[in-house]
Each structure stands twice: as structure tokens, then as C-alpha cells.
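With chain A fixed as given, assemble chain B onto it according to the hints.
Residue-level listing of the chains:
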Amino acid sequence: MIGFLIQRVLQAVMVMIAMSVIVFLGVYAIGNPIDVMIDPASSQALREALIQRYGLDRSLIEQYFVFMNNMLHGDLGESFIYRLPVISLIWSRFPATLELALTAMMIATCLGIPLGLWAGYKPDSWSAKAIMAFSVLGFSVPTFWIGLLLIMTFAVELGWLPSGGRGPVSNILGLNLSIGSLEGWSYIILPAFNLALFKLGLLIRLTRAGTTEVMSSDYVRFARAQGLSEGKVVGLHVLKNISIPIVTVFGLELGSTLAFAVVTETVFNWPGMGKLIIDSITVLDRPVMVAYLILVVFLFVIINLVVDLVYGQLDPRIRVKAAS
Amino acid sequence: MSAPVETRWGRLANFWADFRQNPVAVAALIVIVAVVLMAIFAPLVAPQDPYNQKALDLFDARLPPGEVGSGGYVHWLGTDAAGRDLFSAILYGLRTSLIIGMMAGAFALVLGATVGLIAAYHGGRIEALIMRVIDLQLSLPAILLALVLVALLGQGLPQLVAALVAAQYAYFARTTHGAASAERRKDYIEAALSTPLPARKVLFRHLLPNALPPLIVVATVQVANSIALEATLSFLGLGLPLTQPSLGSLISNGFQFLLSGRYWISIYPGIALMLTVVAINLVGDQVRHVLNPRRSR
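Chains A and B supply the protein sequences, listed in that same order. Positions 1 to 324 (my numbering) are the ones given, in order, by the first sequence. Positions 1 to 297 (my numbering) are the ones given, in order, by the second sequence.
Chain A extracted, bound-state conformation (with noise of 0.2 Å):
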């Protein structure tokens, strides 16, 4: 078991090295920052002046290293549009991604377990077909098309909710959430709906299919012989042995939510990490883009590393296997 761990976290580092010198390298290779900086009209000397205090008079391997540093100290520079250090921006956008992304988990599990409970109980019903043509539509509709409909059907047409923003935050736990008031939720709801359509129609496919699956074994048909009632069957017997695959592969999800958040975050104004990155590529602020892409590789890379330890622990052909 050591060595499988001492392997699979090597393997992890080398790909967050191999990774940083691709972001580096990517997001230095197009266009000079200076010229988005300042103002064209100035003088040759505040342009070198500038171009010192950021070392970009330096050779590119020197650079790279430079930045290395920084980064093992924590300190991945300072937004050229913003002034502040990256860091900061990016985690006073992160309450406001993190409830988003969770909160879309959440609706996406409170619906889409019980609507593939049923699509793989009666797989043959008028109603599961239904659902599961849904689930096709969640899965294939691009998020943002989706979003554009409800912005028009709920804030334009019915004028029930607002079509964007954030509204109140208030501060719970050390974070500014909007999830703590009525009002905030208003702003909450259709977003994190949007968000959760691609997880939902993922999570009622899983759910079916292990349900399918479940329903013709051997200890379904003695539970019923037992004399169980149904809701009982499907509650205890049907859920428990589904539970495991759906839990791992949602837990697996949760770092393409944030990074999906990107789309959602736009459509809704919703002022999030995506919002930033977006902002971030339209204006060329490099530092955050290296920042924002770093941080995200980081978060897969470490679900990756969980996962891939978790089922050797739990499986151990795996570690046998990689040991060869």
C-alpha cells in the first residue's frame, strides 16, 4: 500500500509540473501585457520601467522559475487590471461559486435519484420514458441555450424572479452566501437550476441503470418473497446497493461543476471564479488566467489522487496491478 500511495502522488506532482510549465508557456506565448497596461501614448522609459518590475526583461526559463517560487510561497501575482493580488480576487469570488456549485448538486440529487428510482422501476411506463427523454434533453441542450429560456420564461415573461446577479450576501461561517436569506435564494435558484440540468440527467441515467440491474437479483426477489412491502424493497434493499457507484461518481463531478459554473456564471451575471476567468481571457490579465487554471488542474488532480486511493484501498486488484 505504500508504494501504491508513493506512486500515485509522484504521479500526481509530475502532472502538476507538466502542467504548470503548459499554462506558463500557453498564457506567455500570446501577447505582451504591457501593451494592455498602459496607455500606448507613454514614454519609453515608464514602458521599460514597467517591464522590469515584472521581470519580463528575463529569459523565459528565469521567468518560469521565478514564478515556481512564488507559487510554492503562495504568492501568485498581482492582477494587472485589478491591482490586487491574485489570490485575494479569486477567493472573494469563491463563496459565491462554491454555493452556486453546491447548491445545484443538491437539487440535482433531491430530483434526479428519485426520478431514476422510477424510471428503472417501471422502465416500461409512460412516465419513465418521459423521464428519461428529459434526461437526454438535460445531457445534449448546451447549459447556456437553457439558461437563455429560463431567464425569458421566469424573469422576462412571468417577471417572478430577477434574471441575474447576486443580490444580498450575508455572512455565514466566515463566507458572504446569498443562501441565507429568502431574497438571496430568489437570485440562487435559477442559476444553480441551470447548472444541475447536465448533473441531473447524468445522475437519473446512473440511477436507472443500477436500478435495472438491482431489480433481477436474487435478493430482491427474496425480499419480496419475504413479504417486504415495495417501498420497502426499493427504499432499503434497491438504494443501498445503488448508493456506492452513484456517490463516487457524483463525488467525481463536483470539480466539473465549478469548471461548468463558468458557462452559468456568465449567462446569469452571477459574479463567481468563472465570471473572472471569462473577464479575466477578454481582457488579457494573464496573472489571473496562469492563477485560475493552476488552481483548477490542482482541485482535478487531487480528486483524481483521492479517488484512485480510495479504490485501491478498497479494490486490491488495482494495487496489484499498478505494483507490476
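Hints listed in this document are in silico derivations from the structure and should not be mistaken for laboratory results. Because the structure is a prediction, the values reported are computed rather than measured. Glycine included, C-beta positions come from ideal geometry on N, C-alpha and C. Keep in mind that the hints are not guaranteed to be accurate.
[Claimed, not checked] Per the computed footprint, the stretches of chain A lying under chain B, defined by three or more beta-carbons under 8 Å from a beta-carbon of chain B, are:
1) 139-149
2) 258-264
3) 271-285
4) 288-296
Just chain B now, kept in the frame of chain A:
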């Protein structure tokens, strides 16, 4: 030489007989054919050339659907802020979206299939390395990769296609690898490899055709995904400029008018996008169902 051709047609006829069983998929196929034909013949069908700035009249701006503009014909789907006839703009937008989707799908197929075949053929360390990279890439969401690449490469058609290919080839690579490594161990491949035929020929003439069915399914779905991804990027302002609008840029362009009740500028291009993407997905689902070897006949 006529015998194999005949069986090929026979197989195609069988495939169609199976495909026809699902009326929804047939309807979706009809939608796709109609959409493709309208896109190809857009210059003949559209009442206006939306790229021709001179033909646009600002007096016609934001006309609701059904009104007659200064051109003397009915704008069935209304006009946008520049006075463009939306029906014409959608036809030309469909053209751009379909071209991008199919180009990206085709390049990703070629690249992914090659990578997957190489991994399956070599085995050992090369296979392990390639598949580890592919798995890693698949764990990152495609939208994020495409976003980063467009940001790095800049805007324009070739850059956009390159970003879509890079974001999607991994699906093809994994599918090809899965199918090909199962075939690789079979006797006919071993036999072909022991002849003086070059390995390249064995791979592409013998192994690839037998690994094809799952690839066809992935290819259909990926064309739809490319179209959707391109639309998303254009909506985020990172796709093509409005002088060469795709469906995504048309929707994005109309978004600002949505809140003031001028719904048609973004809703109609969106419906066209949704119809296309869902129809391709439905056809892909049915193709998967028909090609599934475990399906009971």
C-alpha cells in the same frame, strides 16, 4: 470483386431495416437531412445575404416576426439589431456551425483513432503512457480545455477547430483503444502481422475496420458536441466574430435584447441549434442501439 460489395450493401440494408424500427430516430434523421440541405443551399433559400453589409438597412432593425421590411418581403423570424433578416442569418449560421462541427469531428476522429491504434498495437510502456495521458485529459471537462485553448490560440476559424479537436480527440482515442486492444489479441491480426505486410497496413486495413462500429457512434455524438461547444464558446465571446456569425454568436448577439422583450433575436437561432443538436444525439442513440452486438435480435 463483386461479392464483397454486395454483402456490404446487404449489411447497409439490414442496418436501415433495424434503424427504421424507432420512429423518433427516423424523424430526427429527417430533421438532420433538412437542416443540412437548408445549410448547403442557404444562398438559394435565404431572402437576403446576411454578410453583405450594404444590403442591410437600419430602418429594418429589430422588426418583430412577420413584419414586412424595406426589402418588400416578410421577415418571418424578424430582424436583428443591424436589420439582418433572422431567417437568412440562421441559415448562414447553421452553415458555419455545421462546417465547424464536422471539421472538428473529422479531425478529432483521425487523430484520436491513430493515437488509440498506436497504443493498442504497441502495448507495454507506450500504451500505459498514452492511455494515462488520455485518461487525465478526459478527467478535465471539455469546455475548460476548449476555453483555455481558445484563450491561448486567439480567435478565428482554424484556432477554434484546433481547440475543439484538442478537447475531443481523447474520446475517440479511448474508444479506439478499447475496441482495438480486444481485436489485437485475435488470431487474424497475429496472422496478418506475421506476414511481411507493414504494421501500418495491418493496423489500418485489418484492425481499424473491425474496431469501427463503436467509433461511428462516438463520431455522431461528438459532431453534436462540437456544435454545442462551439456555440457555447461563441456565446462566451470567444468564438467567431459577428461578421461571420455561427448560431452561438447569433444567440449571444440577441441576448442583450432578451431582457427588453425582443425575444426573437436570440430565441430563433437557439431553437435551430437545439433542433440540430438533439436530432444528431437521437440518431446517435439509435445507431448505438442497432450496432450493439449484445442486442437480442
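Unmet hints by their number, sorted upward, for this structure
none
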